[in-house]
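Q: Sequence:
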Amino acid sequence: MQTTDTQTCEAWLRLTLVDGLGGASIRQLLAACGPPQQVLATGSLELQRYVSPEIASAIATGGNEAAARGALGWLADPANHIVALGDEDYPQLLLQIPDPPPLLYVKGDCALLNRFAVAIVGSRNATAQGMANAEDFARALSDAGITVVSGLALGVDAAAHRGGIAGRASSVAVVGTGLDVVYPARNRALAHALAERGALVSEFPLGMPALASNFPRRNRLISGISRGCLVIEAALQSGSLITARLANEQGREVFALPGSIHSPLSKGCHRLIKQGAKLVDDVNDILEEFDFARSGAGVDPRPAPDAAAAGLLEILGHDPCCVDALTARAGLTADTVNALLLELELSGLIEKLPGNKYQRIR
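Residue numbers for the sequence shown follow my numbering, so the first one is 1 and each next one is one higher.
By construction, these hints were calculated from the structure, which means they are not laboratory data.
As the structure is a prediction and not an experimental result, all values here were calculated from the model.
Treat the hints with care, as some may be off.
25 Å max Cα-Cα, derived SDA-like pairs, lysine to any residue [as the list claims (entries may be wrong)]:
1) Lys274 x Pro216
2) Lys278 x Ile361
3) Lys267 x Ala308
4) Lys352 x Glu288
5) Lys267 x Glu289
6) Lys267 x Gly331
7) Lys274 x Pro264
Please construct the entire structure, taking both the sequences and the accompanying hints into account.
A: Below you can see the structure in the form of C-alpha cells.
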C-alpha cells in the first residue's frame, strides 16, 4: 500500500524536498541511518559523512517543512497518493534499475504501477499513420490485459494513452513535471481522463515546471516500470531512442515498428531493428513474446471506400506519392483522382503530406 501514515509521509516529503539532495544520496542516508524519521533526527556532523555540510544542516534543521506541508495538502484529494521505497504499491520493476526514485507522486490508480505493462513511445510530430498505429497497438495491448505506459507528450504518446484507456488494462503516464502541472497544456483533457481511468506518475515535486533536463530522467521510469518498449515513428535524434536504449540497458524487450524508407520518422526505428530490436507489424508479435493471448477486441473498422476509391488506394500503395505520379499510374484524369483522394481522406484512409503528396494510413 502507499504511504498513508501522516507522520511517515511528512518525513519522506521533508527529506526528499531538501534542495540539492538527490536520489542516490537519499538512498545512502536511508541505508546508513534508517527510515526518514531517523535521518531527520540525525545530527549534522554525522550526516556530513554522506552529504555536504549545507545539505546536512538543512536536513538536521527539519528538512523542507513548508514544501512538505503543501504536498500534504495535495494529498487531501483521495485521487492523490505518495508512494515511497518499501511501500507495497512501489513499482517492483523499478527496484531493478540503477537509480530508483525514493518517492513517487501518483494521481489515479496506484495498482497499475505493478501491472504487466509495455511502453509505447515515438515522435511528438507523428504522422496520422503513426498516431493511428500507436492508438491501435495500445488498444489491442490493453484489451489483452497489458497496461500501456507512455510520457503524455504530443503525437505518439498521446495516441498510446488514448488507446490504453479505451481498453481494459488502461494506461499510465510518467511525466517530467510536478503532478499539479499539465505539460503540454494541449493534453489537459487527456491528463484528466488518465487520472480518472488510469494513473499519472512523477518523481518530481509539486510545482516542478517542464525543464528540458527532466525528460531524460522521466524516460528511465517509462522503460523501468514496463516489461518492454515499442517505438513507433522516431527520427534519428528522437528522445524515444533514449527510452529504447534505457529499456535495453534495463533488460527490457525492445520492439520497433518499421515504416517507409523515405520517411525521416522511420529511420530511428530502422536503426533500432538493425541493432537487434524486434521488428513488429502486428500486435501479436508483442503478445507472443510475452505469452499473452489476444482477446479479439479491437478498434471499430472504418467504412470501406467504394470500388473506384478502393482501386486508387491499391495503386497508391504504402509510400508517399504525389498527385501527378498517381494520376499517371491510375490512367485517370486529374479531376477524378482528386475527387477519389478527397473521398479517401474523408474516410480516414489516407493523409495529405507537404508537397501535394498523399500517404496511406491503414
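Q: Indicate, hint by hint, whether the structure satisfies it.
A: Cross-check of the supplied hints:
1. Lys274 x Pro216: holds, 23 Å
2. Lys278 x Ile361: holds, 22 Å
3. Lys267 x Ala308: violated, 33 Å
4. Lys352 x Glu288: violated, 35 Å
5. Lys267 x Glu289: holds, 24 Å
6. Lys267 x Gly331: violated, 33 Å
7. Lys274 x Pro264: Satisfied, since the Cα-Cα distance of roughly 16 Å is no more than 25 Å.
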